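Peer 1: Sequence:
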Amino acid sequence: MKHLNLILGFFLLFVGVAVQAQDEPMQNRWFTGGNFGLSFGTYTFVNISPQIGYRFTDKVAAGGGVNFQYISDRTRVNGETVYRTNRGVGGLNVFGRFYPVPQFMVQVQPEANYVWGKDKDFINNQEFRFDPRVVPSLLLGGGLVLPTGRNALIISAFYDVIQDPDAPYGRRPIVNFGYNLGF
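Numbering-wise, the sequence shown is residues -21 to -1, 1 to 162 according to mature numbering (1 follows the signal peptide of the UniProt record, and there is no 0).
Honestly, the hints are just simulated from the structure, not real lab data.
Every value quoted in this text rests on a predicted model; they were computed, and no experiment measured them.
Here are the computed distance ranges between Cβ atoms for each label pair:
hint, residue 1, residue 2, range
1, 83, 60, 41 to 49 Å
2, 85, 108, 37 to 45 Å
3, 149, 11, 23 to 31 Å
4, 106, 43, 29 to 37 Å
5, 157, 103, 40 to 48 Å
6, 145, 106, 16 to 24 Å
7, 69, 161, 22 to 30 Å
8, 23, 107, 16 to 24 Å
9, 83, 111, 33 to 41 Å
Cβ atoms here follow ideal geometry from the backbone N, Cα and C, with glycine treated the same way.
All chains, full assembly: derive it from the sequences and hints.
Peer 2: Have a look at this one:
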């Protein structure tokens, strides 16, 4: 409950700051972005995580998105799979962004991710299932924003400060390269 209150507080802070005068038409303030990733082989990774947001002012934006990830990792010995890990993630997020200058942003992104998975040991013919559950994450970070008209290239880094052991991010920075498209 403490994590939920912290997450809600951060989001309300960004929405509260955003209630300022707007001189740009409402329809020109919407943008979309997110993440998309594919990797195939002994390590397979599929990530589809679209987001949509709204720029309340030149300095404040907020929005939300969904997160879908699939991970399969095989350990092979002499060409045969001896161990396989499968993981799935499905979640929701909200985010708040502050742009101190047009080329830099700071972002807070609370998430709730439903995680599930199993491991299979082919040598001992054993299977281990993980109890599915909802895992909280709070991503804090920022990055460079390279405007291209109403669109922008974004290079960012985040860190999950909650560090739940079942969260999809681990104890390392998350580096993203993306593109925001303005409507």
